[in-house]
Amino acid sequence: MIRRPNQNRTIILLVAPACVFVLVFFVLPLIFLLSQSVLPEEGGFTLTGYRDFFESRVSRIVYLRTLKLGVIVTVICVVIGYPAAFVLARMPARRRSFLMSLVILPLMTNAVARTFAWLIILGKRGMINQTLLSLDLIENPVRFMFSETAIVLGLAQLFLPLMVLPLVSALENIPEDVLEAARNLGANRLTTFVRIVVPLSSDGLVLGATLVFTGSVTAFVTPAILGGPRLLLMSTLLRQKVVTLFDLHAAAVVAVVMILTTLAVNLLLRVFRVQQS
Amino acid sequence: MPYLEIQDLTVSYEKNKPTLKRFSLNVEQGELVSLLGPSGCGKTTTLRSVAGFIQPDSGQIVINERDYTRLPPNQRDIGLVFQSYALFPHLTVFNNVAFGLRMRRIPKDELHSRVANALKMVGLEAFADRRPSQLSGGQQQRVALARATVIEPQVLLLDEPLSNLDAGLRVEMRQEIRRAQQQLGITTLYVTHDQVEAMSISDRVVVMNQGEIEQIGRPESIFAAPETAFVAGFMGFDNHFSATVESAQDDKITVKWGGAPITLRWQSKFGSPTAGARAEIFFRADNASLSAGSEAGGLAGSVILHTFHGNEVQYLVETAVGEFSITQDSDSERFENGAAVKVQARTQKWIAIIE
Amino acid sequence: MVSRWMYISLVILYGFLLGPFVIIFMAGFGANANLAFPPQGFTLDWFANVFETAQFIDSFWISLQLGLSSTIVSLIMGMPVAYALVRYQFSASGMVETIFSAPILVPGLVIGFAMLNFFVLLGDMSVLTGLFIGHTAILFPYSVRVISASLRNLDPYVEDAAVSLGANRLRGFLLVVLPNMQAGIAAAFVLGFITSFNNVPVSLFLSGPGVTTLPVSMLSYLEYYFDPTIAAVSTLLVIFTVVLVQAAERLLGLSQFV
Numbered sequence: 001m002i003r004r005p006n007q008n009r010t011i012i013l014l015v016a017p018a019c020v021f022v023l024v025f026f027v028l029p030l031i032f033l034l035s036q037s038v039l040p041e042e043g044g045f046t047l048t049g050y051r052d053f054f055e056s057r058v059s060r061i062v063y064l065r066t067l068k069l070g071v072i073v074t075v076i077c078v079v080i081g082y083p084a085a086f087v088l089a090r091m092p093a094r095r096r097s098f099l100m101s102l103v104i105l106p107l108m109t110n111a112v113a114r115t116f117a118w119l120i121i122l123g124k125r126g127m128i129n130q131t132l133l134s135l136d137l138i139e140n141p142v143r144f145m146f147s148e149t150a151i152v153l154g155l156a157q158l159f160l161p162l163m164v165l166p167l168v169s170a171l172e173n174i175p176e177d178v179l180e181a182a183r184n185l186g187a188n189r190l191t192t193f194v195r196i197v198v199p200l201s202s203d204g205l206v207l208g209a210t211l212v213f214t215g216s217v218t219a220f221v222t223p224a225i226l227g228g229p230r231l232l233l234m235s236t237l238l239r240q241k242v243v244t245l246f247d248l249h250a251a252a253v254v255a256v257v258m259i260l261t262t263l264a265v266n267l268l269l270r271v272f273r274v275q276q277s
Numbered sequence: 001m002p003y004l005e006i007q008d009l010t011v012s013y014e015k016n017k018p019t020l021k022r023f024s025l026n027v028e029q030g031e032l033v034s035l036l037g038p039s040g041c042g043k044t045t046t047l048r049s050v051a052g053f054i055q056p057d058s059g060q061i062v063i064n065e066r067d068y069t070r071l072p073p074n075q076r077d078i079g080l081v082f083q084s085y086a087l088f089p090h091l092t093v094f095n096n097v098a099f100g101l102r103m104r105r106i107p108k109d110e111l112h113s114r115v116a117n118a119l120k121m122v123g124l125e126a127f128a129d130r131r132p133s134q135l136s137g138g139q140q141q142r143v144a145l146a147r148a149t150v151i152e153p154q155v156l157l158l159d160e161p162l163s164n165l166d167a168g169l170r171v172e173m174r175q176e177i178r179r180a181q182q183q184l185g186i187t188t189l190y191v192t193h194d195q196v197e198a199m200s201i202s203d204r205v206v207v208m209n210q211g212e213i214e215q216i217g218r219p220e221s222i223f224a225a226p227e228t229a230f231v232a233g234f235m236g237f238d239n240h241f242s243a244t245v246e247s248a249q250d251d252k253i254t255v256k257w258g259g260a261p262i263t264l265r266w267q268s269k270f271g272s273p274t275a276g277a278r279a280e281i282f283f284r285a286d287n288a289s290l291s292a293g294s295e296a297g298g299l300a301g302s303v304i305l306h307t308f309h310g311n312e313v314q315y316l317v318e319t320a321v322g323e324f325s326i327t328q329d330s331d332s333e334r335f336e337n338g339a340a341v342k343v344q345a346r347t348q349k350w351i352a353i354i355e
Numbered sequence: 001m002v003s004r005w006m007y008i009s010l011v012i013l014y015g016f017l018l019g020p021f022v023i024i025f026m027a028g029f030g031a032n033a034n035l036a037f038p039p040q041g042f043t044l045d046w047f048a049n050v051f052e053t054a055q056f057i058d059s060f061w062i063s064l065q066l067g068l069s070s071t072i073v074s075l076i077m078g079m080p081v082a083y084a085l086v087r088y089q090f091s092a093s094g095m096v097e098t099i100f101s102a103p104i105l106v107p108g109l110v111i112g113f114a115m116l117n118f119f120v121l122l123g124d125m126s127v128l129t130g131l132f133i134g135h136t137a138i139l140f141p142y143s144v145r146v147i148s149a150s151l152r153n154l155d156p157y158v159e160d161a162a163v164s165l166g167a168n169r170l171r172g173f174l175l176v177v178l179p180n181m182q183a184g185i186a187a188a189f190v191l192g193f194i195t196s197f198n199n200v201p202v203s204l205f206l207s208g209p210g211v212t213t214l215p216v217s218m219l220s221y222l223e224y225y226f227d228p229t230i231a232a233v234s235t236l237l238v239i240f241t242v243v244l245v246q247a248a249e250r251l252l253g254l255s256q257f258v
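Chains A, B and C supply the protein sequences, listed in that same order.
Residue numbering for the first sequence follows this note's numbering, starting at 1 and increasing by one per position.
Residue numbering for the second sequence follows this note's numbering, starting at 1 and increasing by one per position.
Residue numbering for the third sequence follows this note's numbering, starting at 1 and increasing by one per position.
What the hints contain is simulated information worked out from the structure, not anything from laboratory work.
Predicted model, so just to flag it, every value in this text is computed and none were measured.
Don't take every hint at face value.
Stated by the list, open to error - Facing chain C, from chain B, some residues (calculated, C-beta under 8 Å):
| id | residue |
| --- | --- |
| 1 | P73 |
| 2 | L80 |
| 3 | F94 |
Idealized CB from N, CA, C, for every residue including glycine.
Please work from the sequences and hints to get the whole structure.
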């Protein structure tokens, strides 16, 4: 780090424009949102919005469902992503970089396009139903759409790269020597994996899990397409409150609960990181 | 009139913890002075203050009778060679060297001939079109030197320029830098933490410690007669013990060595010593010899460890006044670990420092 | 450590990640209108339909303009921030970093809703301006992070070298720092553009009459029609993205910044 004269003035000049932008155009609307959730149109400060939210059976179910599906999606991503990331991390660099670009590619395509594929797979006359019908395993098409399973599949596909990327970068930092040392000291493959690889990659695992979980509980497109108007998650509930019911006060409450949920998860991540170091 | 004057320079990064404390130094025209000291001693801070990258709290920097203290770094006529070389990665060798001349709006013809001359001086004419990443460390170092000197600066500053090179190349580059400096007659400040490098390249050496000057002098005098314990330690006086002054004359003092008196040269920053004062005695590993424990004279001790180094053998000897490291010609009598020995003082090159 | 059976995990991973794309491609060229599987016959009608649907063409242009403008603005404003964070040590740096990572922490849908409330409903701002502000804000974290990474790869002393040779700070930045950051800037640009171009949640509430982004208009098309036109749009988008990303990867090694 270099120290230079007139530091403070320079730093302020460099940072101020963007800071002002973010504060005025990003932080201020959020503060307004927060105030909207506790100041109803009738006036006065009240927390009834939050009470109503947690007392209402519907919104409680939606909230818990959102969290539940978030956990399931995260677990699926770990189960699929971890072994794959391990294989990727141990590959020669050139082949790995090609395969990694294939992991990044879906991330660069919009969620509507990626979710649309599930309509073709899960639809009434979709791939799975047609296959089952042609095998005579079922007589009438099964309804896969608008189910929790459909949402989970869509979200897992959407967020799997966010699990694989941090895992690969954590795993590729484990030197081969360390694994050989463990084997040399008498550990078998499984023990080496559990006692050496997993602890050394826990950073990437926790980061990936945070990204997948927060992504899943706030995603909009997937539950909108695959969940339909009946099977709501927090995000689709928020849209319903705004667009269908035009209840901005209740919508603000939903929005604040969503922010607090993601902040809490990210705070947990930070605590974990502090403990690690 | 000195060419470069640094007067009472004080720099602090944190309040009340000055990195550099009232540092003063005069450098004559064409002289090469090195700043020598461990990391954190303030040598790089001094250099960066002269270059203008650090604004001192107080003090003055005068070059060729012009006050430089408040001048922005880009308006100072100073060539700077960085430890990392700091070559511009996107520019060819030619354009790296030409950069300073372009900033000075030197006409094209003159620019070309000056860059060509500078590259010739460092032997890189054939590499003008290469990028820095295509050069070896030594070649990058040469480009950095050419880039800093082609602008014909009033003062040349070198910040640990050889620390990224391997040992053999370091000696070669040292000589090359010295040759170029003398050829150009350029006033130079050279920062290093390597005492051999400082002594071999400099007209004068400034030994620094904790933001202050410990000693300034010609390499020979600093090597032979350090004025402080710090300088003695830094100059390779490996052995040290404390003693009480028995008697003092003008330039000699007498202390006890194994019961018998020995007479030593002394150095002090705080006036003449008197009998009963405390003296710190320093000597190098090759300024004492070992004899069998049965012999008369010397200080009794026993060998803790001996290691063979080819031409010489190094002994670690434990005595009543401390552990000493002593090297002996490998042809001389050898002693095993545990052997009783006498340490015989060769006091001509010993030094007593009174603090 | 890697045993043969572990390669199965790669098959599962890539099957799951890329399988849906294969299905979209197939559906886009299939002749049956009801999305039944497997598609029968071959037709380019759905692609023709994409170009005949004004909704898609208009929203494509909006998305393109929005992506370009918000990416450029976030880069121009984010670059000095990255520079300050990487090159200077200052007490508020932690706070500045938090401010510029905040837009990632807040759910996009909430950002869009907050902006709708504050700017459009309360402040009577045009929807398009709201979209521009929202997209610029969510791109800051990417521009600051990618530019920071690219700055960290450059020896900080090259700027001092330029200054010691007579350039002032600004000139030193333009002549020495900027040329060496080309790859990072281009990577940040591609990443930012794609992020904006694909965004649904922030844009969802900030749509008005005639002002919709492409992904949002794809979503609303899905609510009325259930035919392979979306598959055709998606196919075109995938090709567009692959070309863009592969070009960036080949030229700049994009993945090192993601």
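Comparing the hints with the structure gives:
Interface hint status for B:P73: upheld, as the beta-carbon distance to the closest one in chain C is roughly 5 Å, under 8 Å. A cut of 8 Å between beta carbons decides the hint on B:L80: the least distance to chain C is about 4 Å, and the hint holds. With 8 Å as the threshold, the beta carbon of B:F94 stays out of range of chain C, its nearest partner Cβ sitting at about 14 Å, so the hint is violated.
The structure does not agree with numbered hint 3 stated previously, though it agrees with all others.
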